[in-house]
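**Student:** Chains as they are written, first to last, in the working numbering: chain U, 1 to 284; chain X, 285 to 488.
Note that these hints are calculated values from the structure, not bench results. Fair warning: this is a prediction, and the values are worked out from it, not measured in the lab. Incorrect hints may appear among the rest.
Stated by the list, open to error - Derived DSSO-like pairs: lysine-lysine, alpha-carbon spacing no greater than 27 Å straight-line: (1) Lys430/X - Lys139/U; (2) Lys377/X - Lys139/U; (3) Lys143/U - Lys377/X; (4) Lys447/X - Lys377/X.
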Amino acid sequence: MKAVVDIDYNWPYGLTSLSTEMRDKLRKWREDNYRNSEQIVDVGEELISEHSSKLGDDIWIIYEQVMIAALDCSRDDLALTCLQELRKQFPDSHRVKRLSGMRLEALERYDEANKHYDAILQDDPTNTAARKRKISILKAQGKSAEAIRELNEYLEHYGKAAFCLEELMMTNPHNHLYCEQYAEVKYTQGGLENLELSRKYFAQALRLNNRNMRALFGLYMSASHISASPKVSAKVKKDNMKYAAWAATQINRAYKMAGRGTKENKCSMKAVEEMLESMQITMS
Amino acid sequence: MPIQLTSQAYCKMLLHAAKYPHCAVNGLLVAEKTKEKKKDSHSEPVLCVDCVPLFHGTLALAPMLEVALTLIDTWCKENNYVIVGYYQANERKKDSRPNQVAEKVAARISENFSEAAIVMVDNSRLTISCFEPIVLIYDHHENKWKSREVTSDCFEDWGEAQKITSALLEGRSYENLIDFDNHLDDLRNDWTNPVINKSVLDLC
Chain U
1 MKAVVDIDYN WPYGLTSLST EMRDKLRKWR EDNYRNSEQI VDVGEELISE HSSKLGDDIW
61 IIYEQVMIAA LDCSRDDLAL TCLQELRKQF PDSHRVKRLS GMRLEALERY DEANKHYDAI
121 LQDDPTNTAA RKRKISILKA QGKSAEAIRE LNEYLEHYGK AAFCLEELMM TNPHNHLYCE
181 QYAEVKYTQG GLENLELSRK YFAQALRLNN RNMRALFGLY MSASHISASP KVSAKVKKDN
241 MKYAAWAATQ INRAYKMAGR GTKENKCSMK AVEEMLESMQ ITMS
Chain X
285 MPIQLTSQAY CKMLLHAAKY PHCAVNGLLV AEKTKEKKKD SHSEPVLCVD CVPLFHGTLA
345 LAPMLEVALT LIDTWCKENN YVIVGYYQAN ERKKDSRPNQ VAEKVAARIS ENFSEAAIVM
405 VDNSRLTISC FEPIVLIYDH HENKWKSREV TSDCFEDWGE AQKITSALLE GRSYENLIDF
465 DNHLDDLRND WTNPVINKSV LDLC
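Turn these sequences into a full structure, and let the hints steer you where they fit.
**Tutor:** Following this line, the structure appears as structure tokens:
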């Protein structure tokens, strides 16, 4: 006869797996930097009040995450609870001091918040988190000129926005989003040279992720505009018309795939087809 | 020529703002195309029957805005609509003035509809009960955008608009609101928002 030790991992029914599920959700939102504050408060508040004993050391980072989300939702009661637990556990922490400052910002007590950040910076002048909060306060107060000045000082190493994205692209060459955003900035800056650069970066973003719709549309728009420009040679015009035509086919295909089985998308699809056709006419 | 808002147009604007409280949001306002051009068309209010939420976060980048405008224009033609206005809710709570982006888009809309309006959402007064209208309407006069006094006359039916918007905000319907950005993230997301439109109809 076998002695069977039966460990029922599901007892009490559902409770253990529920708290794990909630923990995983919070972790995913943390890692992906989502700002779905209402949901974080809903899940986090329950997790903290009902299952805190099961969280181990995770509880501190959860307190931080929930606190920030609570500020977003005007739940000062919850924010204060989390903050107090963090203060008890980490009495001299700069990171917790920054959270205190953020709470004061949420309460629009900007002078007090600034004092907190200045105290951090006096202790640790390289603390970029505190520096960024000070800039946020200027922004919240509508002091844009000052905020920009402070931001430029902070970004001294990087320069302006486009340059900043260039740095990001260099250190994250596989990130199609930076590539695509850079392309959008170039397109917005305007001018033939920027347009051609934007087309190249949209194309690169597509190479990194061939399902990036923004990159696809961007390629279509930039190539179409270039081919319509009176300043380009016949060859450049022809090449860009080919790129645009290719992009148009891909866009149509993407819409067809998305629309499969749904009536609603037929309208979107038709609108896209017509848009592409009408642009061809105006561009040629 | 004053514009008037239907409950559907008003509540979708507010749902968009509520969905992204930490971002600026914008969108387009559409009206039904009228066939006759009355001589006295200045006194006839233009009824904005719907709005199309566009972007959240960065509003100022050109390429996707161009795509959205062209696509929505085509959709309008199919449904006998015309784009008559632009709405925006700024990132900061206390800032409700139209900025350069708003003026540029409105100028573009004016090319097709001479009396395009800018509607700004006053974030500081956004509440779930919606007891008062929280939009500012700007018209183009003598090369400047001037705000007009907003009364219940600016709505097809303010009582209905207030009731519906409040109900949808409370029920967190904004979680399901789709803007053009969401559509670009996943083409299956429908920026015409049929689900929300149905909820509005059900509450009428």
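**Student:** Which hint numbers does the structure go against, in order from smallest to largest?
**Tutor:** When the structure is compared with the hints, none of them turns out to be violated.
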